[in-house]
Amino acid sequence: MSLTEDKSNGAPVPSKPRWAIVGGGMLGMTLAHRLAGQGKDVTLIEAGESLGGLASPWSIGGITWDRHHHAILLSDWRLRSILGELGLEKETRWVEARTGLYVKGKLFPISNLVEYMQFPALGIAGQARLAFTILYASKINDWKKLEGIPAEDWLIGLSGRRTFEMFWVPLMKSRLGENYRQASAAFVWSTIQRMYAARRSGLKKEMFGYVEGGYARIIERFEEVLGTNGVRVIKGCRVEAVEPEGGRFVLDQAGGGRLSFDRVVVTTPTHVASHLIRGLKDGERSRLENVRYQDVVCPSLLLSKPLANYYMTNIHDHDAPFSAVIEMSAMVDSRSFEGHALVYLPRYVATDDPFLQKDDGEIEQSFLGALERMYPDFRRGHVVRFQVSRTPLVMAVPTLRYSDHLPPMKTSLPGLYIISSAHIVNGSVSVNEIIQLAERTARAFAEGSGDGLGFLGGRT
Numbered sequence: 012m013s014l015t016e017d018k019s020n021g022a023p024v025p026s027k028p029r030w031a032i033v034g035g036g037m038l039g040m041t042l043a044h045r046l047a048g049q050g051k052d053v054t055l056i057e058a059g060e061s062l063g064g065l066a067s068p069w070s071i072g073g074i075t076w077d078r079h080h081h082a083i084l085l086s087d088w089r090l091r092s093i094l095g096e097l098g099l100e101k102e103t104r105w106v107e108a109r110t111g112l113y114v115k116g117k118l119f120p121i122s123n124l125v126e127y128m129q130f131p132a133l134g135i136a137g138q139a140r141l142a143f144t145i146l147y148a149s150k151i152n153d154w155k156k157l158e159g160i161p162a163e164d165w166l167i168g169l170s171g172r173r174t175f176e177m178f179w180v181p182l183m184k185s186r187l188g189e190n191y192r193q194a195s196a197a198f199v200w201s202t203i204q205r206m207y208a209a210r211r212s213g214l215k216k217e218m219f220g221y222v223e224g225g226y227a228r229i230i231e232r233f234e235e236v237l238g239t240n241g242v243r244v245i246k247g248c249r250v251e252a253v254e255p256e257g258g259r260f261v262l263d264q265a266g267g268g269r270l271s272f273d274r275v276v277v278t279t280p281t282h283v284a285s286h287l288i289r290g291l292k293d294g295e296r297s298r299l300e301n302v303r304y305q306d307v308v309c310p311s312l313l314l315s316k317p318l319a320n321y322y323m324t325n326i327h328d329h330d331a332p333f334s335a336v337i338e339m340s341a342m343v344d345s346r347s348f349e350g351h352a353l354v355y356l357p358r359y360v361a362t363d364d365p366f367l368q369k370d371d372g373e374i375e376q377s378f379l380g381a382l383e384r385m386y387p388d389f390r391r392g393h394v395v396r397f398q399v400s401r402t403p404l405v406m407a408v409p410t411l412r413y414s415d416h417l418p419p420m421k422t423s424l425p426g427l428y429i430i431s432s433a434h435i436v437n438g439s440v441s442v443n444e445i446i447q448l449a450e451r452t453a454r455a456f457a458e459g460s461g462d463g464l465g466f467l468g469g470r471t
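Position 435 of the sequence shown, counted from 1, bears residue number 446 in this note's numbering, the numbering being contiguous throughout.
Please note: incorrect hints may appear among the correct ones.
What the hints assert, rightly or not - Simulated DEER-style distance windows between Cβ atoms:
| # | residue 1 | residue 2 | range |
| --- | --- | --- | --- |
| 1 | ALA136 | TRP105 | 29 to 39 angstroms |
| 2 | VAL106 | THR75 | 48 to 58 angstroms |
| 3 | PRO387 | ARG104 | 23 to 33 angstroms |
| 4 | PRO161 | ALA136 | 21 to 31 angstroms |
| 5 | ARG243 | ALA139 | 57 to 67 angstroms |
These are calculated hints, taken from the structure and not from any lab test. All C-beta atoms, glycine included, are put in the ideal place defined by N, C-alpha and C.
Starting from the given sequences, assemble the full structure and let the hints guide the process.
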């Protein structure tokens with residue numbers, strides 16, 4: 012704790028501890044927002060020139076929109092609550108967008124539970140087993156035991172191999188790529204729980220929402236509110252090391268300069284945190300580095316014509332070079348894109364996948380060729396802009412017994428914490444889950460020094 016001078020008698024008195032949050036994504040911003048609301052002295056430090064992290068925007072063909080695809084669900088209560096606090100609820104638009112599944116050259120609608128269970132490619136027996144799987148999983152309350160069961164084994168046992176390959180594999184690959192083979196049954200359980208969230212909340216159908224202007228608007232407004240609430244925001248400041256020094260922590264900046272704080276929360280991926288923080292025990296560092304991450308290569312396409320007006324299309328065919336097709340303009344009014352269609356083609360890969368070595372030109376030729384095979388009316392002349400985003404360590408893979416191997420949020424260095432999306436133990440790392448993690452963490456800090464911090468992510 013630092014000291015300041017008492018103006019009345021000149022005696023030094025304790026000041027409030029100074030908190031630093033390293034990482035200005037939605038996790039860091041929400042945590043800063045909540046800690047400031049508790050009366051804490053908070054500084055938010057971001058390496059990039061803008062806040063937002065994975066939710067940050069970029070420009071494609073002169074249009075500013077999200078770098079990665081995002082949608083708000085009616086059941087995303089935590090995110091919707093934040094939007095309310097930011098005064099953005101009136102700028103949220105809701106639509107009933109369609110989702111689909113591409114199987115052997117055909118596109119099938121799977122926009123609701125009825126269409127899921129009537130998926131014609133499965134046949135009557137497969138439809139019945141799929142319905143049983145979804146209903147059975149929806150009634151499971153204890154997800155913990157599912158962490159020890161491979162998702163593939165669990166789903167084949169419940170749905171049968173054909174239904175697993177035709178239906179479940181495309182669904183898992185849309186979030187995990189080939190890493191779906193490493194996932195536990197708890198990941199599938201969380202996906203099914205989210206499918207049922209609208210029904211359990213009394214909603215008749217799931218809707219998709221977005222804020223006009225995309226996450227650029229959300230982040231801009233969030234930064235304004237942080238400043239109003241007394242949070243110091245430092246952008247373009249890359250922290251190269253966090254070192255304990257004299258009961259405090261010193262943050263070494265790239266290019267020189269040092270900042271000193273009493274409490275530090277690092278919100279980067281665990282691998283990055285391991286390299287930043289000095290003084291951790293070997294066992295702590297090992298657990299941080301043993302979390303298995305995946306990267307994403309995600310081209311954005313600006314098109315003169317829409318593809319099929321399905322918001323998300325999961326893909327069964329194994330020769331497709333991307334994990335899914337997300338047609339954002341099937342949800343967002345095309346006037347936001349100056350009348351164009353905006354499409355994302357994400358491919359989730361292991362951090363050592365050779366695909367990461369491909370240049371943008373190779374990716375463009377391969378991906379456009381796949382679109383030509385999938386959509387007979389698509390022509391390369393429809394492409395106004397093809398732009399590739401590459402993001403490392405985008406999501407921790409929900410491997411077997413995942414939560415048992417996670418590093419604690421509270422480190423062995425008093426006052427230093429590591430809170431990252433890896434602590435979402437059985438979710439899909441949506442913005443809603445990120446906000447939920449930040450708010451549970453903030454409540455733990457409010458109750459004391461953070462001694463009660465556990466694995467607060469997901470649905471624990």
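Q.
Going through the numbered hints above, which ones does this structure break? Give me the numbers in ascending order.
A. 2
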